[in-house]
Every structure is written in C-alpha cells, then in structure tokens.
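Enquirer: Letter by letter, the chains look like this.
Number of protein chains: 2
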Amino acid sequence: MRMPAVEKRTEGQSAYLRLREAILKGELLPGQRLVEKELSERYGLGRAAIRTALARLEQEGLVDSEPYRGAWVRAIGEEEALEILEARMALECLVARHAARKATAADVERLRGILREMERRLAEGDLLGMSELNRTLHQTLVDIAGHRTAARLIEALRAQGVRHQFRTILVPGRAQQSLAEHRRIVEAVAAHDEAEAERAMRAHLEGVTAALRQTQGGLP
Amino acid sequence: MRMPAVEKRTEGQSAYLRLREAILKGELLPGQRLVEKELSERYGLGRAAIRTALARLEQEGLVDSEPYRGAWVRAIGEEEALEILEARMALECLVARHAARKATAADVERLRGILREMERRLAEGDLLGMSELNRTLHQTLVDIAGHRTAARLIEALRAQGVRHQFRTILVPGRAQQSLAEHRRIVEAVAAHDEAEAERAMRAHLEGVTAALRQTQGGLP
DNA sequence: TCGGACAGGATTGTTGACAAAAAAGTTGAC
DNA sequence: GTCAACTTTTTTGTCAACAATCCTGTCCGA
Numbered sequence: 001m002r003m004p005a006v007e008k009r010t011e012g013q014s015a016y017l018r019l020r021e022a023i024l025k026g027e028l029l030p031g032q033r034l035v036e037k038e039l040s041e042r043y044g045l046g047r048a049a050i051r052t053a054l055a056r057l058e059q060e061g062l063v064d065s066e067p068y069r070g071a072w073v074r075a076i077g078e079e080e081a082l083e084i085l086e087a088r089m090a091l092e093c094l095v096a097r098h099a100a101r102k103a104t105a106a107d108v109e110r111l112r113g114i115l116r117e118m119e120r121r122l123a124e125g126d127l128l129g130m131s132e133l134n135r136t137l138h139q140t141l142v143d144i145a146g147h148r149t150a151a152r153l154i155e156a157l158r159a160q161g162v163r164h165q166f167r168t169i170l171v172p173g174r175a176q177q178s179l180a181e182h183r184r185i186v187e188a189v190a191a192h193d194e195a196e197a198e199r200a201m202r203a204h205l206e207g208v209t210a211a212l213r214q215t216q217g218g219l220p
Numbered sequence: 221m222r223m224p225a226v227e228k229r230t231e232g233q234s235a236y237l238r239l240r241e242a243i244l245k246g247e248l249l250p251g252q253r254l255v256e257k258e259l260s261e262r263y264g265l266g267r268a269a270i271r272t273a274l275a276r277l278e279q280e281g282l283v284d285s286e287p288y289r290g291a292w293v294r295a296i297g298e299e300e301a302l303e304i305l306e307a308r309m310a311l312e313c314l315v316a317r318h319a320a321r322k323a324t325a326a327d328v329e330r331l332r333g334i335l336r337e338m339e340r341r342l343a344e345g346d347l348l349g350m351s352e353l354n355r356t357l358h359q360t361l362v363d364i365a366g367h368r369t370a371a372r373l374i375e376a377l378r379a380q381g382v383r384h385q386f387r388t389i390l391v392p393g394r395a396q397q398s399l400a401e402h403r404r405i406v407e408a409v410a411a412h413d414e415a416e417a418e419r420a421m422r423a424h425l426e427g428v429t430a431a432l433r434q435t436q437g438g439l440p
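These protein sequences, in sequence, are chains S and C.
Residues 1 to 220, numbered by the working numbering, are exactly what the first sequence covers, in order.
Residues 221 to 440, numbered by the working numbering, are exactly what the second sequence covers, in order.
Everything labelled a hint here was simulated from the structure, so no lab data went into it.
Ideal Cβ positions, reconstructed from N, Cα and C, are used throughout, including at glycine.
It is possible that some hints are incorrect.
Stated by the list, open to error - Pairs of lysine-lysine residues, derived as BS3-like cross-links and limited to a Cα-Cα distance of at most 27 Å, are as follows:
(1) S/LYS8 - S/LYS25
(2) C/LYS257 - C/LYS228
(3) S/LYS37 - C/LYS228
(4) C/LYS228 - C/LYS245
(5) S/LYS8 - C/LYS257
(6) C/LYS257 - C/LYS245
To be verified - Interface residues of chain S toward chain C, partial, derived using beta-carbon atoms under 7 Å:
(7) THR10
(8) THR52
(9) ARG56
(10) PRO67
As the list claims (entries may be wrong) - Sample of chain S residues with no beta-carbon within 10 Å of chain C, all distances over it, derived:
(11) GLU27
(12) LEU45
(13) GLU80
Model the full assembly from the supplied sequences, consistent with the hints where possible.
Expert: Written out as structure tokens, the structure is:
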C-alpha cells in the first residue's frame, strides 16, 4: 500500500492511518470496541473503508476481531509486552550490526546531533522530548542499517509495545541511563564495531526491560 | 481473526486462507496480477471478501498494491530473501533459547522422534519429506518456546521466504548437513543449554544462508 | 425465583450498482 | 512509422440496501 500525500489518498488509506494513529496515541483504548458505524460517523469515512482498515490493523496485531461479534483494540498484557521487547532486542541487535557496518561520516554526525539534542532535553527536564528523540535515534539506526525486513518488523513491534514502553520514561534516573546507553551505541556505530554495537544495543534494551519490570502493574 | 472450522467460516476468512495458500504453494506467482473479479469467479467468493483478503495479505507482506492500479503477488528478490533469513535467524535464536529453558522430557522425545523420521527420509532419498519435517521441527521448537510474539513473526517470515528456501533442498549434501545441524539443536535443547541452543540454531541458519547463496540466480 | 424461549435491536457480512481512475485501443496529423 | 489526443474498456473504490448473526431484554412456565 504505497502511501501518497494527503490529497491523493483513498478513503481506505485514510481510514487505516487515522485509526492506527488513534490507537497508538491512546484515543482508542485497549479493549475498546471498534464499531464500524460509529467509526464511520466519527471519521467521516465509509463503512467499507473502515472494514478494510480494521482488517489491516488486525493483521498488524493492533486489533482483534471475531466473526459477527466485531472488533476491538487488542490489549497487550505484561507478558506480551516483555515478549515484544525480547523480539525487538533480537531484531534491533541485527540492525545495530548492520548500522555499524554501513554508517557514513554523515550518518554518524546525524546520530551525534540527536545525542546532543537529547542532552539538551535532559538538562531541561523534558522527558517527553527525550522519549521522542529516543525514537528518532532508533529510527535513524534502522535507516542507516537499510535492512527493510527488520525495519518493517521493528515498526510493527514498536506500535504494539508503545503504550507499555511509554511509562518507562517515568522511572527515576532512567533518562540519564538511557542517554548513556544511546551514546555507547552511537560510538560503536561510529567505530564500525559490529560486535560492540550489538552488545550496546542489547544492554540498552535490557535497561528498558528492567525499567518496564519496575513499573509493572502501573499503567497510566 | 479467530479461525473456526471450515463450516463456520465467513467468506472473508475463506478468501484469506485460500489466497494465502495459493501464494505459498506457487499457484499464484510473484509479480502476478491479482484481479478482484477474476479471483472472485475463480474461488466462488464475493468481491468484498477478496478485497478484505488482499488487504490482509498485503499487511502480511505477501501482496503489494497501489490505488486504482490493483494488487499483485509481491516478488521477493535475492537481497530481501537474505534479509528474511537474517531476521529469522535473530528470532529463531531467541526461540531456541526459550525452548532450551522450557523443554520437558516429552518435548525432547517429540523432537527426537522428528529427527528419527528425518533420518528415515534421508535414507530413502526423500528430499521433500525432509523439507517438510524440517519445518515440523522448527515449528515444534516454536511451540515449546511458547513465545507467541516470536512465533507470529517467524510465521510471517516463513511465508515470505518459502519460495527461496525451497530450492536449498536441491543443494548436494545440504540435507545431510541439515540433519546434523538439527541434531545439534535438539541436543542443546534437551540439555537445557540456552547458549548452545542459540549457537546451534545460528550455525544451522548460516548453513541455510550459504546454501541459498549457492543457488542464487536459479529460481525454479 | 430461575431458566428457557422468543422478539427486537444492534451490528457485522454480503451483494450489486454506480463513481472514479487507469489501461488499452483507435484515429489523425506530421 | 511515431506520437498525441481522444474514446472505450477494464478494474478499483465507494455506497446503500439487504441478509445473517449475536446480544439483550422481556415474558412465561416450572
């Protein structure tokens, strides 16, 4: 599904993007029923488009459905959230290796720029900004790696795990630690050291996992 | 999408399963146009069901489409085939570790049973049977691991890579090597040795990768 | 009081028609 | 023969209506 600029989108494409975003942003909550007629009215799109979008979102793991009983936002439990992190770890280590192999000087500059911005945000106490840059840094590594298959899988996992991961930013000291971990990854990539890049990525995601375990039971 | 027994399926579910199978089996070829009306007539299903199935298959990576221009079976090139193997390697190593941690005596017996059957097939020169048992063994490891997220991802990757992997069975000596590699995995799982299970799985999939490189350019 | 039967309403699944867009074919000028 | 403009055909995208199924509430009998 090639995704054109806004003006040229089909209703089906708009429906998919808007519902996906609503789920990722928490406007549509885990367990919430997704009634076609209601969504159709809310988003001003036809029912056929909504149905198609729901099918797509279901394949992506964000929605569950049953014949004649409808669809709902899939709830990701604690156990699955950890599974998602483990799968991400496996794939992001692969990406880190590839990025270390392929990074150009410009790529490294870009990564270091993001690190500097992260430092700035941390100094301002802007945890949300940090979280957003965290994502930007990971996405940049994926871009540098140029491993499309891993990129696709990581994006789907990120979408599924986003609600759980969000809360790790509230763990005291996690932001500082995260910055140090990211710096280690970037320096390994800059040095074209594949094994160190993998170890650094693994350590980082183990830190995320630990933070997640620390916040278990406390969904915002 | 809970998948009920045949009698209770919606047309949408039937369409998805039948089209998916047709793609995996090579009845619908890479690059082939998937025209809704034609598929509707061929499979005796409504156009709406076909549309929904195509959307699902597209999310799964088996189909590509463009607005107003239709859908086609996605062609997986050599480079992507290797990417798929790399991503599988990352995830199947994770699975091997989990299987090594969790395997019961009954699980190990089951794995050894599959190995014995593979030996039988190899002795008979039945490469197709070997290939099928190869898949059974991997699936059994995934079952033992009980890591649903990895299972889902591996299944999608398998579906995408199946056409390329199929030709590795024709590489001289690959079947014998594969059996030895599988045996090493099973024994590591039996010994609850996570690190060895991971190493054995990595070595196995590296063997698959090497076989694939050996056959490059020669799609059947 | 409790459980089963039934009706009505809500929602999903399907169908067929029409709108919109792209692909293919035709025609005429150079 | 080539190319551009135009027309026709094919196919996808959308819509509204109807069919099918499930859920909920009510009623009645044991």
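Enquirer: With reference to the structure, classify each hint as holding or not holding.
Expert: Verification of the supplied hints:
no.: 1; hint: S/LYS8 - S/LYS25; in the structure: holds (24 Å)
no.: 2; hint: C/LYS257 - C/LYS228; in the structure: holds (24 Å)
no.: 3; hint: S/LYS37 - C/LYS228; in the structure: holds (25 Å)
no.: 4; hint: C/LYS228 - C/LYS245; in the structure: holds (24 Å)
no.: 5; hint: S/LYS8 - C/LYS257; in the structure: holds (25 Å)
no.: 6; hint: C/LYS257 - C/LYS245; in the structure: holds (21 Å)
no.: 7; hint: THR10; in the structure: holds (5 Å)
no.: 8; hint: THR52; in the structure: holds (5 Å)
no.: 9; hint: ARG56; in the structure: holds (5 Å)
no.: 10; hint: PRO67; in the structure: holds (5 Å)
no.: 11; hint: GLU27; in the structure: holds (21 Å)
no.: 12; hint: LEU45; in the structure: holds (15 Å)
no.: 13; hint: GLU80; in the structure: violated (6 Å)
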